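Convert by adding 998 to the 1-based position in the sequence shown; the result is the number in the working numbering.
Derived by calculation from the structure, the hints in this document are not laboratory data. Computed from a predicted structure; not experimentally measured. Every residue, glycine too, gets a C-beta built ideally from N, C-alpha and C. Warning: the hint list may mix true and false statements.
Unchecked claim - As a list, the in silico DSS-like pairs of lysine-lysine whose alpha-carbon atoms are at most 25 angstroms apart:
| id | residue 1 | residue 2 |
| --- | --- | --- |
| 1 | K1041 | K1009 |
| 2 | K1041 | K1005 |
| 3 | K1132 | K1118 |
| 4 | K1068 | K1009 |
| 5 | K1033 | K1005 |
| 6 | K1068 | K1118 |
| 7 | K1132 | K1046 |
| 8 | K1132 | K1068 |
What the hints assert, rightly or not - The calculated label-pair distances, taken between Cβ atoms and stated as ranges, are:
| id | residue 1 | residue 2 | range |
| --- | --- | --- | --- |
| 9 | L1119 | K1014 | 41 to 51 angstroms |
| 10 | P1012 | S1120 | 23 to 33 angstroms |
| 11 | K1014 | P1108 | 27 to 37 angstroms |
| 12 | E1125 | L1026 | 24 to 34 angstroms |
| 13 | K1118 | E1085 | 14 to 24 angstroms |
| 14 | H1081 | T1056 | 20 to 30 angstroms |
| 15 | I1015 | S1122 | 48 to 58 angstroms |
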Amino acid sequence: MDCIFCKIISKEIPAKILHETTNSICFLDSFPLTKGHVLVIPKNHCEKIQDMTPAENTDLFSLVHFMMSKVDSITGSTLIAIHNGKEAGQEIPHTHVHLVPRNSSDSGGPIHSMFNSSIKLSDSEIEKYFNLLKI
999 MDCIFCKIIS KEIPAKILHE TTNSICFLDS FPLTKGHVLV IPKNHCEKIQ DMTPAENTDL
1059 FSLVHFMMSK VDSITGSTLI AIHNGKEAGQ EIPHTHVHLV PRNSSDSGGP IHSMFNSSIK
1119 LSDSEIEKYF NLLKI
């Protein structure tokens, strides 16, 4: 497999590994957006969150939770980002969670700044998506 994250997991490619668990690993991003940008990934190659087993999911998000205090101590505010699939902006097809320390001068913005505009939905469209998504 030609996955850069799998190569980091197998130690074929060096990385600044911060912590490992049974099913997950976290390390400094090689192309950081801010100082202290961390990636948390499952050790098993899974393209999307829903491809992970419940145990892998629990382990991954437990490590995210554990690392949040460390990352948040850098600036006091952290962006947690997951691009779940190519159309969502995922560049490497291996599930990964970004922990990005944020501050007022980092030029990043809120999630709504990622899009040119918000959309307007009719009442029937709102009802359609409500019924599609409710459990």
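inquiry  = Name the hints, by number, that the structure is in violation of.
reply    = 6, 8, 10 and 12
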